[in-house]
Amino acid sequence: MSGRAFSAQALVHTEQGEIDREIFVNDEIYRRELEQIFGRAWLYIGHESQIPKPGDFFVSKMGEESVILTRDRAGKIHVFLNSCRHRGMKVCRYDEGNTTNFICPYHAWSYTTDGKLVGVQDYDRLYQPPFDKAGWGLVEVAQLANFDSTIWATWDKNAPSFEDYLGEAAFGLRGALRAWDGGDGETELLGSVQKWIVPTNWKFIAENFAGDFLHVVSHRSVEMVGIGPGEAGGRRDDYGEAKRAAYPGGHGIVYSIVPPKKDFVQYSLSPVTSAYFAERWRKRLERLGDKAGIFPLIGTIFPNMSFHGQQPRTLLVAHPRGCHETEMWRVYFVDKTAPAEVKAFLRRYYIRYSGPAGMTEQDDMENWSYAAMASEGLIARRHPYHYKAGMGYGGKDSVIPGRVTAKEAPGTEQNPRALYQRWAEFMDARSWDELRPR
Amino acid sequence: MTVTEDRLAYIDLMREIEDFFHAEADLLDERHYEAWLDLFTDDVRYWMPIRKNVAFEDRTKETTAEDDIAWIDDDKLTLSKRVQQLLTGIHWAEEPVSRVSHVVTNIRLAAPMSRIEEGASAPVKCRFLVYRNRLETETDLLVGRREDMLRRVGGALKIARRKILIEQSTLLAKNLTVFL
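Residue numbers (the numbering used here), protein chains in the order written: chain D, 4 to 441; chain X, 62 to 241.
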């Protein structure tokens, strides 16, 4: 990179299905990502169920930086940079809680839950003339969105609305986040966040959930022993046919298509859970008709938020921690009105599947970390990665929006290609004016 | 019964418990996973809640509750699946397998007792210090507390419940493939 002007497009050749390894291992490129991508894109912050009451707060991250998600005394939701305006100290060092003010432990500047600076030591005596406290509140995000109870934010005031940012991928994200019966019922997090650190570049994770269906061998051991919630073994119940949909915004979603027949049975190891989902399935058929069988199975919303929308149901953010490290934040969610026994069964299944003790995810992390490590060498960097699977396939589906590839190329890498195409656009664009959804 | 007899019974029981934990550590570190599995009762709950950063006044919420998300919340069946997965030889996170040493210490009975009768249980607390190294430089030091419920079954001690409290909030290890 030294000397010449940086060009991400010169490193990402999606039309040939080749991507330079530098983008996964180069510290300079990573620093540029923080500004070009994490400083401008819409990022997932948290779930409304984490801050139900006025004064509730939950500390999250945007890129490498700590942010506070709060519900102020009037009930309005905010996202603030977690850094005192006076000397930078974190004003909140708890993961969650409820408070009236955030009081900095360094020099006691204090802020209300709507971000206003209200307390400054010796304000009347020391500051002559007095400075305007209104200009020194907590730094707030430029835009915030609540999308089916998930909270998103961006630092860029010129970014498009979150709906426009999603484009047609909104269809999939909405389907993933909604109550399982496809209705307006609420979902809630099953509780706390799993946070752990993986020595890899964050993009390996984004790519994985955007739709990498070629890593079958990674999970063969868990498929052999069977941790699924049904009698058939494996790691999950039959999810039907998979269709991959790529979006110009860089988002990738894999949909599962279940024929709308009456005996769609899941979770058979727990009769109560199975009965609950059988009843939800009937509701879903009533409500959605022919579209009832379409479930967003997994997906990535550009850049670093991923989800499992059908079974298990979980949200993940791959927060970057330098070029070579990623902090995983994973939460699990359920229908709010599901019986306690159903929630208990799902909870245990979800965490034996995902997370650092998840018998599926463990083997992913091994691959992500050692793939990144083995790409750092001088010689390794000279040779691009191969993303050619399914090139030339992909078209329109009658129901699922986006560029859709199904049976004809089941292992297509079209979704990772779309993600890196958008990545390159972000890296080269000078502003959102050059990044408007097409 | 004299005080001395009771005291001797207590010392005898403590030695039995210490031997039990030390033998358990050997089974794990020598990779006799199936034999290790036999140390648990069929109704065991092997539970590792998450630790959070909360205000001192909220300290009762520092550890995730029984119905909250945990790192691990296994019954005997899932625990046995973990062992089976290790034995497949293609569980890549443990292939090649880690080098592990379990140091178990500060062992004490958490209730005043000198015997565990057949079918009865005793709460036992301890600290663990687990060193793990694999491949070239991948190294984790997992340190924490354990609260076990030991039950006497057929004359022998078995683990009927295990609660593991690791002294980390954000887990610094990339996975938890090592039994604690």
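Check each hint, because a few of them may be wrong.
Said to hold, decoys possible - What follows is a set of in silico ranges between Cβ atoms, one per label pair, in the way DEER data are often shown:
hint : chain 1 : residue 1 : chain 2 : residue 2 : range
1    : X       : A116      : D       : G236      : 30 to 38 Å
2    : D       : A111      : X       : E228      : 57 to 65 Å
3    : D       : S69       : X       : R68       : 49 to 57 Å
4    : D       : A432      : X       : T198      : 48 to 56 Å
5    : D       : R223      : X       : D103      : 49 to 57 Å
6    : X       : T102      : D       : E244      : 39 to 47 Å
For the record, the hints were derived by calculation from the structure and aren't laboratory data. Given the structure is predicted, the values throughout are model-derived calculations rather than measurements. Virtual Cβ for every residue (Gly too), placed ideally from N, Cα, C.
Quick rundown of the hints versus the structure:
| no. | hint | in the structure |
| --- | --- | --- |
| 1 | X:A116 to D:G236: 30 to 38 Å | violated, 45 Å |
| 2 | D:A111 to X:E228: 57 to 65 Å | violated, 30 Å |
| 3 | D:S69 to X:R68: 49 to 57 Å | holds, 54 Å |
| 4 | D:A432 to X:T198: 48 to 56 Å | violated, 39 Å |
| 5 | D:R223 to X:D103: 49 to 57 Å | violated, 28 Å |
| 6 | X:T102 to D:E244: 39 to 47 Å | holds, 43 Å |
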